[in-house]
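Peer 1: Residues per chain, in single letters:
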Amino acid sequence: MVVLELNEVTMRFGGLTAVNRVNLLLNENEILGLIGPNGAGKTTIFNMITGIYTPSAGKILFQGKEINGLKSYLLTRKGIARTFQNIRLFGELTVLDNVKIGGHVRSKGNLFGALTRLPAMAEERRIAEKARSFLAFMGLAAKEQELARNLSYGEQRRLEIARAMASDPTLLLLDEPAAGMNPQETMALMEMIRRIRDKGLTILLVEHDMKLVMGICDRVAVLDYGEKIADGTPKEIQSNQRVIAAYLGEAG
Amino acid sequence: MINAYYLQVLTIMGINVIMALGLNLITGVTGQLSLGHAAFMSIGAYAAAILTLNYGAPFWLALLFGALVAAFFGVLLGFPTLRLSGDYLAIATMGFGEITRVILLNLDIAGRALGISGIPHSSNFSTVWILAVLSIVTMVFVGNSRLGRAFLAIREDEIAAEAMGVNSTYYKIQAFALGSFFAGLGGGLYAHYITYLNPSDFGFMKSIEILNMVVLGGMGSIPGTILGAGVLTAVPEVLRAVREYRMLFYGGLLVFMMIFKPNGLLGGVHFSTIRNWLIRIFKGSAGSPAGGSRGGTGAGEDAKTRVQEG
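These protein sequence lines are chains A and B, in that order. Numbering-wise (our numbering), the first sequence opens with residue 1 and increments by one. Numbering-wise (our numbering), the second sequence opens with residue 1 and increments by one.
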């Protein structure tokens, strides 16, 4: 089943075409890596899928339905969750509360619930339990009462993933999840991403770390100057002449 | 018995606690700087007073009506302005405050510049503090809920909050409505305690006074806001002894506080923090709360104890 489909998607900023007629398919339970040199349009595509930009042309379909221009909180409700390239945690809140907020769309509870408490209590317990399970999954169980801003860099990145997963997404978008991580942390992260996929999620990741991309992606799409120049298995991509040229420059 | 003067100061203190808690929800918890809180107070005060005076409504009903009218105006103001953020929102709320004052100054039913006098003296120390305690409990409950977490998420990072599925406009309007409700409630109590209302009592300085309570106490902290309201109600009274230098000392205190304790007296302190302090005091170090990974004291404690409440 196709989870996400980009159909001739174009994004123009004034006279600049950042993304030009890109087609992309994401199948259920697949890990797709999106790579390309800086300025190739990876983050722009990311921002279109997550509702920050509305495409100038073309269609984005999620589970067969068009999602062009939907606000990000609605996309989260539909089942798309993301992490941020420049970590955006709720720094002054505890690690546990960060993940609990991730569960916002999968829980109810309004002012009335907050004031009467009784129906909310069971719900609160369920939210906390779920949040703890995601923390445990990302290896952060011992840190639940720490403030998010006090975590190490690698832990913060893992917390972002835990928070995104708490919204029970179908599709998880990871924006440079390994940025700033040391090789050991990256290895551990790869293992975690694999385990997330094994839970049945579909993952789109933008990443510069080739070892990570080639190591865990089922398929890799390569962007250059806003156009998709290749799409295939990591092996095919590694030997693709256009990709090599884009990364290393043409041989004179 | 406690003398009448102290009783009056303590009653005003209770009213200030209620209003400051309202503003704390908007500014401290949700992170939306409002400089027009006194406007909501005046709306609640006038609405309640007009209802009891002109329509003979019972006090409690008038009080609730005043608070609801204030909340309604909170929503009304919220729709156009909450797309704004930071400084822009602050200026817009300030403008709203001035507009409200000028309208009250020209509204026949509000007595124009003469204001409203002869309001029945229906609130007293106990009514005020019963409602203050109820307000505190409400705030703790809200802070502990899904609703409260959504407010906090917006304060911390609006883009991330939206990405987590929090509709920030919707929740900001709710925060404004709730905060204004408590301002209106405080206003109604004030009207029926002082028995006289005048638009000049609800100017920009009044908004700043309430904001000072929240900032001095510790933005986002319920115990802090209560303490801030207490201190800033008491200080001007204590300073009556120095007469004309009163405002000088008052201003000096604020400057001193912001330099040496910019997070406020109880910044980052919640009821759960205080409970844990008490546990530690009474049981010694053996009784330190479960769940923490470190046993240190001081700054690290915030991280451990800032779990649940408010």
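Derived from the structure by calculation, the hints contain no laboratory data. Keep in mind that the hints are not guaranteed to be accurate.
Estimated spans, in silico, between C-beta atoms of each pair [what the hints assert, rightly or not]: (1) A:Asn-86 - B:Gly-95: 32 to 40 Å; (2) A:Met-214 - B:Phe-72: 32 to 40 Å; (3) A:Glu-8 - B:Ile-259: 34 to 42 Å; (4) B:Trp-60 - A:Met-121: 27 to 35 Å.
Ideal Cβ positions, reconstructed from N, Cα and C, are used throughout, including at glycine.
Peer 1: Indicate, hint by hint, whether the structure satisfies it.
Peer 2: Status of each hint after checking the structure:
no. : hint                             : in the structure
1   : A:Asn-86 - B:Gly-95: 32 to 40 Å  : holds (34 Å)
2   : A:Met-214 - B:Phe-72: 32 to 40 Å : violated (59 Å)
3   : A:Glu-8 - B:Ile-259: 34 to 42 Å  : violated (59 Å)
4   : B:Trp-60 - A:Met-121: 27 to 35 Å : holds (29 Å)
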